[in-house]
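Start from the sequences and build out the full structure, keeping to the hints where you can.
Below, each chain spelled out in residue letters.
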Amino acid sequence: MRAFFDELYDHYHQDLFQFIFYMVKDRHLAEDLVQDVYVKVLKSYPAFHGRSSEKTWLFSIARHVTIDYFRRQKRKRDRVAEFFDWSEKGSQLPGHDPLPEEMVIQSEDVKDVYRAMNQCSIDQRTVLILRYIQGLSIKETSEVTGWTESKVKTTQHRALKAVKEVTDSLEGGGGEHEKI
Amino acid sequence: MKKSKRQNVEEQLSQLPSLKDHQSRDVLYQAVNKKLERTEKRMPSWLGPGAAVCALLVVLAVFIPVFLSQNQEMNTQPSEQTRDETARSFENPEMENSAGPSAEGEASDDRGAPLTAITEDEWFTFAYPGRNAEVVIPVFTHDELPFTKETAEEKGLSERLLQNIEIAVNEEAKNAEVTFPDEFNPAGSAYVQMLMESIRWELYGEEVQTIDLNRTSHDEVPMGNYGDVDRLTPIGKGEYIFKLYQYNEQSSFYLAPVPVTGHPSLEEALKMMKEEGGGTYTVPSVPAHVEFSLVEVEDGHVKLDISHKEWKGEREVTMMLDAISATARQFGMSRVTFHGIKQEEAGGYDLTKPVDLPGPFNVEQ
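Residue numbers (my numbering), protein chains in the order written: chain A, -9 to 170; chain L, 394 to 758.
Hints were generated in silico from the structure; no laboratory data involved. Some hints here could point you the wrong way.
Stated by the list, open to error - Ranges between beta-carbon positions, derived for each pair:
no.: 1; chain 1: L; residue 1: Gly655; chain 2: A; residue 2: Lys151; range: 24 to 30 Å
no.: 2; chain 1: L; residue 1: Glu565; chain 2: A; residue 2: Lys151; range: 19 to 25 Å
no.: 3; chain 1: L; residue 1: Glu404; chain 2: A; residue 2: Lys33; range: 48 to 54 Å
no.: 4; chain 1: A; residue 1: Asn108; chain 2: L; residue 2: His415; range: 20 to 26 Å
no.: 5; chain 1: L; residue 1: Asp749; chain 2: A; residue 2: Asp(-4); range: 56 to 62 Å
no.: 6; chain 1: L; residue 1: His415; chain 2: A; residue 2: Ser127; range: 28 to 34 Å
no.: 7; chain 1: A; residue 1: Gln4; chain 2: L; residue 2: Lys567; range: 33 to 39 Å
On a predicted model such as this, the values are computed, not experimentally measured, just so you know. Glycine included, C-beta positions come from ideal geometry on N, C-alpha and C.
Following this line, the structure appears as structure tokens:
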């Protein structure tokens, strides 16, 4: 098993970590979730019959792990909703989302785009990360998500539109740019 | 101020920095191993209840057939009131029909679409326009695409219109996204009307709150005289009554949803089902000799007092019951009691007790 783990680690680990990080935007959480990805991979590898490439199969597992995490969080939020007013949670606003310390981004526009991704749905964010950060093709993205290529294109189109609307409003509204 | 363009957004996304995981390979492997051991030791939470359910099913599988066969031997009346209601739902409808009274001795019922009480399984809905493009007939099935173009024609229906259109339902967001090809450009208002109705009916039962239309790279869809459309309203309560559709004597009968204007009450809707109109091949589903002397609605349960003259046959009764059931369901009801019909059973309906309204209709097995 160690040999298999090493092989996966060498080929895909940083890509998987990066995908999860951009999904959840929290380093410690991403470290924890990437462990969960390996647990699922090592348990389910016998069921992988080469129906898709190893890379897209791993990304699809990473996607499901992050979606499971978001669902658990939603259930928790629902449970405590009566005690907290979540509308006051400023960190959900695009102009207040702190950038991770190690992210060195020179361009203010790129920082705005990073923050604007918060306003996308999970599906839209998934497509943006796979397509533009991981550099996957439409076909590979459709394999990861299990959607048709047509749906990937539509989701991508809507995600770009959503990001553009937020960045336009930040520019127009004088959203605060964070110095790092 | 300069606004960012779509291309700029794409470039900026690709400029987001690469990030590295600082966990060492060995630390990561140990953490993964620990989690693996934990998951292998832990008994799945469903195993206890699952085992109990399996045991119960085995017991039921052994005892229910024995009980039923004993019960059948003891019963002399086929519509005995002590009959188990749950068991009725899963019995073969043909057996039920053969057990019930047949006023005119009809050997078989050629309707393609009896209502069914099985509601827990997954159903697919496909919409087929009628032959005169005036109504859309929803058909429920457990399988993909019940009809080819040819078999639809044999049934007296037209070809399904949503062939090259993709429908994706997001259950969490209660939203459906309908994607047309970029080159989509329909002609004719009747076609567009049938197309939009088909989409709405194929999403009936999905409990979506919004239906977004788009093309692969556009946010709206040209819909002829309706202009560019980016959203449809899902079918709401009380929008339709059900009449009967039949193309010709050789083809099947179907329940046809006919839109109503305004916001009629269920009582008014039931009376409308006696009226002509709704399309060339569409006829009233409630016979003229039937009167509703009382329509009482309480907590989703509608109680009907029905007076009637002589039925033309068993089929006339069962088609009326099917149509009333589908209409009551469309108006948000979940149960119906039929008082006043001078028989205890018709077409699988036990008329001696309240009937749970099934979701699917026009079922093709």
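Right, here's what the structure says about each hint:
In this structure the supplied range 24 to 30 Å is violated for Gly655 (chain L) paired with Lys151 (chain A), their Cβ-Cβ distance being about 38 Å. Taken as a hint, the range 19 to 25 Å holds for the pair Glu565 (chain L) and Lys151 (chain A), whose Cβ atoms sit roughly 21 Å apart. In this structure the hint that Glu404 (chain L) and Lys33 (chain A) lie 48 to 54 Å apart at CB is violated, the actual value being about 40 Å. Asn108 (chain A) and His415 (chain L) have their C-beta atoms about 24 Å apart, which keeps the hinted 20 to 26 Å range intact.
For Asp749 (chain L) and Asp(-4) (chain A), the hinted distance range of 56 to 62 Å is satisfied, since their beta carbons lie about 58 Å from each other. A hinted range of 28 to 34 Å for the beta carbons of His415 (chain L) and Ser127 (chain A) is consistent with their spacing of about 30 Å. In this structure the hint that Gln4 (chain A) and Lys567 (chain L) lie 33 to 39 Å apart at CB holds, the actual value being about 37 Å.
In summary, the structure is inconsistent with hints 1 and 3 from the numbered list given earlier, while agreeing with the others.
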